[in-house]
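Number of protein chains: 2
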Amino acid sequence: MSNATYPNSPSQQHDAPRAFPAIDAAVARAADAQAHYGTAPHATRSALLRGLAAALAADAAALVALANDETSLGTTRLTGELVRTAFQLRGFAERVEAGAAAHTIDDAAVPGAPPAGRPRLTRVLAPLGPVAMFSASNFPFAFSVLGGDTASALAAGCTVVVKPHSGHPQLSHRVHALAERVLREQGLPEGVIAFVGQATRDAATYLVGHADISAVAFTGSYQGGVALWRAANARPRPIPFYGELGSINPLVVLPAALADGVDAPATALAASIALGCGQFCTSPGLIVIRDDAEGERFAAALAQALKAQKPHAMLTAAMRQGFEHASARIGAQPGIRTRLAPSSTDGEAPAPRLYETDAASLIANPVLREEMFGPAALLVNVRDADDTLAVLAAVEGSLTVTLWGADTDTPEHRALAAAAQRIAGRVLFGGLPTGVAVCDAQQHGGPWPASTQPQTTSVGYTAIERFLRPVALQDAPQWAIAANTGGIVS
Amino acid sequence: MSNATYPNSPSQQHDAPRAFPAIDAAVARAADAQAHYGTAPHATRSALLRGLAAALAADAAALVALANDETSLGTTRLTGELVRTAFQLRGFAERVEAGAAAHTIDDAAVPGAPPAGRPRLTRVLAPLGPVAMFSASNFPFAFSVLGGDTASALAAGCTVVVKPHSGHPQLSHRVHALAERVLREQGLPEGVIAFVGQATRDAATYLVGHADISAVAFTGSYQGGVALWRAANARPRPIPFYGELGSINPLVVLPAALADGVDAPATALAASIALGCGQFCTSPGLIVIRDDAEGERFAAALAQALKAQKPHAMLTAAMRQGFEHASARIGAQPGIRTRLAPSSTDGEAPAPRLYETDAASLIANPVLREEMFGPAALLVNVRDADDTLAVLAAVEGSLTVTLWGADTDTPEHRALAAAAQRIAGRVLFGGLPTGVAVCDAQQHGGPWPASTQPQTTSVGYTAIERFLRPVALQDAPQWAIAANTGGIVS
Chain A
0 MSNATYPNSP
10 SQQHDAPRAF
20 PAIDAAVARA
30 ADAQAHYGTA
40 PHATRSALLR
50 GLAAALAADA
60 AALVALANDE
70 TSLGTTRLTG
80 ELVRTAFQLR
90 GFAERVEAGA
100 AAHTIDDAAV
110 PGAPPAGRPR
120 LTRVLAPLGP
130 VAMFSASNFP
140 FAFSVLGGDT
150 ASALAAGCTV
160 VVKPHSGHPQ
170 LSHRVHALAE
180 RVLREQGLPE
190 GVIAFVGQAT
200 RDAATYLVGH
210 ADISAVAFTG
220 SYQGGVALWR
230 AANARPRPIP
240 FYGELGSINP
250 LVVLPAALAD
260 GVDAPATALA
270 ASIALGCGQF
280 CTSPGLIVIR
290 DDAEGERFAA
300 ALAQALKAQK
310 PHAMLTAAMR
320 QGFEHASARI
330 GAQPGIRTRL
340 APSSTDGEAP
350 APRLYETDAA
360 SLIANPVLRE
370 EMFGPAALLV
380 NVRDADDTLA
390 VLAAVEGSLT
400 VTLWGADTDT
410 PEHRALAAAA
420 QRIAGRVLFG
430 GLPTGVAVCD
440 AQQHGGPWPA
450 STQPQTTSVG
460 YTAIERFLRP
470 VALQDAPQWA
480 IAANTGGIVS
Chain B
0 MSNATYPNSP
10 SQQHDAPRAF
20 PAIDAAVARA
30 ADAQAHYGTA
40 PHATRSALLR
50 GLAAALAADA
60 AALVALANDE
70 TSLGTTRLTG
80 ELVRTAFQLR
90 GFAERVEAGA
100 AAHTIDDAAV
110 PGAPPAGRPR
120 LTRVLAPLGP
130 VAMFSASNFP
140 FAFSVLGGDT
150 ASALAAGCTV
160 VVKPHSGHPQ
170 LSHRVHALAE
180 RVLREQGLPE
190 GVIAFVGQAT
200 RDAATYLVGH
210 ADISAVAFTG
220 SYQGGVALWR
230 AANARPRPIP
240 FYGELGSINP
250 LVVLPAALAD
260 GVDAPATALA
270 ASIALGCGQF
280 CTSPGLIVIR
290 DDAEGERFAA
300 ALAQALKAQK
310 PHAMLTAAMR
320 QGFEHASARI
330 GAQPGIRTRL
340 APSSTDGEAP
350 APRLYETDAA
360 SLIANPVLRE
370 EMFGPAALLV
380 NVRDADDTLA
390 VLAAVEGSLT
400 VTLWGADTDT
410 PEHRALAAAA
420 QRIAGRVLFG
430 GLPTGVAVCD
440 AQQHGGPWPA
450 STQPQTTSVG
460 YTAIERFLRP
470 VALQDAPQWA
480 IAANTGGIVS
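Chains A and B supply the protein sequences, listed in that same order.
Under numbering that gives the first Met the number 0, the residue at position 14 of the first sequence is numbered 13, and the numbers go up by one with no gaps.
Under numbering that gives the first Met the number 0, the residue at position 321 of the second sequence is numbered 320, and the numbers go up by one with no gaps.
Since the hints were made in silico from the structure, they are not lab data.
Backbone N, C-alpha and C fix where the C-beta goes; we use that ideal spot for every residue, glycine too.
It is possible that some hints are incorrect.
To be verified - What follows is a list of derived Cβ distance ranges for each label pair: (1) B/Glu411 to A/Gly186: 45 to 53 Å; (2) B/Arg296 to A/Ile480: 29 to 37 Å; (3) A/Ala263 to B/Gly111: 20 to 28 Å; (4) A/Ala210 to B/Asp290: 23 to 31 Å; (5) B/Pro20 to A/Ala226: 22 to 30 Å.
Stated by the list, open to error - Taking beta-carbon pairs under 8 Å as the criterion, some of the chain B residues facing chain A (in silico): (6) Asp106; (7) Pro113; (8) Ala115; (9) Arg122; (10) Arg336; (11) Val426; (12) Gln441; (13) Trp478; (14) Thr484; (15) Val488.
Sequences are here, hints too, so could you generate the full structure?
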């Protein structure tokens, strides 16, 4: 509010960043395209989103084959992911057509003195500008070149600079070439979806710091995400950074959930832990059970069911190495019992692991609350509801919390639901956290480190709000208001 | 997303923070009260907001007298500000009653496989938790103990820990005592509005870093705000920080605005520049005029009108010193012409100043784009619309941009409106930026440094969204959904 000296920001105290001409060129294309794309009718956005969905679907067989060559995730999973990605693009198109980016709040002028008296104010939504989008490793379609972040940014009228993931470079190039073809066919500048190719960590940092980038979307590792979040904050003028950095997704098994036996729930949970070789951000990593005979039976059944799971290979050798390190680290902590561990860490795919501890150890030792990104989970034995509440309070910041057996309206269940809501973006009262529906009500985020911006979502249609900024137009002529509503008549 | 090591955050590499038991006690009160207040029916929130408004109004004469003793802002201005503060509290009460914090998005379950098939999801809004609220110097009522940040946090169901401003300590204590009385009368815990008293910079940093604080609201100086924003980001688990840090509020005078002569607009603008002794965050600090005979006549009239303004004393000696320093610094830059400056900097109140430069100098020299927090402005002579666009692009990050004479729908005016929207939270097509209406359509924010969170507002009723976090409830029983809608039936 006073005596701003913002040009003397910390980032200017460092040496000048290295030059990355290819990034400069990609950002320049996106910035040039922004002026056109950001002010075009919203029908331009929805047509582009639909065109991209159609192009993905038309090329599905070849794209899935290429993705499978690069990731070994299997054609069934990859086909499903491509279908989801196209569904998501069409879903954003529908929301744009329904006016999601054209929403206004109109306050008529009120004569007289303030505070009641006022000028006419119309609140419109303006695109932030070019978005740097960092692809994730584990979803080569759904969180990659044309994934959710790109779809929501395009829906908001923002151009995108895509940084592909090194885990699937050829697929990323191929999908980007497909996007370029759609842009050409629709007469749009290629900078609407620009592409920087592979990038070193320095280059990625440079992209985040580029003066013409207005926001960043990132899904990936905690270390990589925090480094880029710091870079966004170290800019002379910081910009919004939407990062999804990690989550251990507690799942609480209350006695009522085991009333029909332990086998079916244990088998379902084991499949969720091992799904995608545990490389899902919503993978249930912390299983809270009662320290009693029924809990013991469940734990044994879970170990058994998990042993029977045969995960596919991990996406990269580095991720495999990271998982071996993280799980060995958990296993070596004091107070840890290893319920299930492979006799060897050889083989193409990692075998599942299951560890066990008690509430006091989990609360005392932050290492036990770290994510193991792979097919592993940690059981936590609790004596009662208070123990469970203490465990949830120690966890903090998770994409999901699942409560099994908390359906009835009791003070204990209310306390658990409140504790779960405090730390999570999504609270499940049944089912499994893996699988994130793309719809209006979805919330994929949560307090740090689940999200760097816990009030926004990276999945679901309100994600469009991440790339829009409200602007109040005061006593504006009609053309100035209409310039922001993109020809949508509401 | 993988291998999180978040306990090893940078803040833990520093020495342990000093102990501040009074802050610990205040935060503990707020955290204890949160469990009750955050889950109470929303009618509890609106009754509290209305009770606070009534208590302010009932005590108005004594409060204004005390405020005037401490700030010398004058009883007229202070009475108006108190009335506005009570109006704002009642306005938030009305929005709570209308369901602003009870809004849900409900997606019914869809049978079948994903992506179309899905469980039932209900998106609710949950309060973030205890908010640390830093009062501003320049609005002893409206941005202080019971100001907009407190009102919006309470409306969202968050308890508040108030850090008063040192410019009006007795008033702050008195208003807090009034709030405590209302809390008692309504049977609410005193921790709903906790109070830390005066605080050193270390103590303020400690408050922001406290584990039980969930968000921070700050209005104040760039230096102080950035320091606390860094503290929020250095926490083991960073939290949302809503800071309003500075703004130079460009006002563009196009030829059409002077069609009826220069005197009336110059007089109105001079009054806005000197209003509140220039200690308003929306004070117009950069006046863009055409480099022609008409522009020169306007500049001369503005200097004349500004000379006639007699501002009151500044709020504190430090602010006066800061203004003298900032304006002298601008006046000493190369390429600056001083249009109006006092022969002496003595006297209780500072005399207004007016400087002048050209577009190229302003763009080349970041010092010229710094805020002078006081009754001063910088004229920028431009040759044409392109010059103006270049000036606006160089400014970035302002609460407001005002365009005078841009009413007609021309390509030039469209380009100016777009450039103004890119850097500002509010764009005016007439009138003056000082005076910020409290209503639904208001947007008081903008890119950095106007706001650290440019997609949110610190004035107007959508400010409630800053303190709410969406949570998706999956397959939730009705009681778990109802626990978040506070008895509001929509």
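Hint check results:
Separated by about 25 Å at the C-beta atoms, glutamate 411 of chain B and glycine 186 of chain A break the suggested range of 45 to 53 Å. Under the hint 29 to 37 Å, the C-beta atoms of arginine 296 of chain B and isoleucine 480 of chain A, about 33 Å apart, fit the expected range. The hinted range of 20 to 28 Å is satisfied by alanine 263 of chain A and glycine 111 of chain B, whose Cβ atoms lie roughly 22 Å apart. Take alanine 210 of chain A and aspartate 290 of chain B: their Cβ atoms lie about 28 Å apart, and the range 23 to 31 Å holds.
Judged by the Cβ atoms, the range 22 to 30 Å given for proline 20 of chain B and alanine 226 of chain A is violated: they are separated by roughly 36 Å. Given the 8 Å rule on beta carbons, the hint for aspartate 106 of chain B holds: about 4 Å separates it from the nearest Cβ of chain A. Here the hint on proline 113 of chain B is kept, as its CB sits about 6 Å from the closest CB of chain A, short of 8 Å. Against a cut-off of 8 Å between C-beta atoms, the interface hint on alanine 115 of chain B holds, since the closest Cβ of chain A lies about 7 Å away.
Interface hint status for arginine 122 of chain B: upheld, as the beta-carbon distance to the closest one in chain A is roughly 4 Å, under 8 Å. Violation of the interface hint for arginine 336 of chain B is found here, the shortest Cβ-Cβ separation to chain A being roughly 22 Å, above the 8 Å cut-off. A hinted interface residue such as valine 426 of chain B counts as satisfied when its beta carbon comes closer than 8 Å to some beta carbon of chain A; here the least separation is about 5 Å, so the hint holds. Hint on glutamine 441 of chain B holds. Least Cβ distance to chain A is approximately 6 Å, under the 8 Å limit.
With a least beta-carbon distance of about 4 Å to chain A, the hint placing tryptophan 478 of chain B at the interface is held under the 8 Å criterion. Checking threonine 484 of chain B against chain A: minimum C-beta separation of about 13 Å lies over 8 Å; hint violated. The interface hint given for valine 488 of chain B is broken, as the beta carbon of that residue sits about 18 Å from the closest beta carbon of chain A, more than 8 Å.
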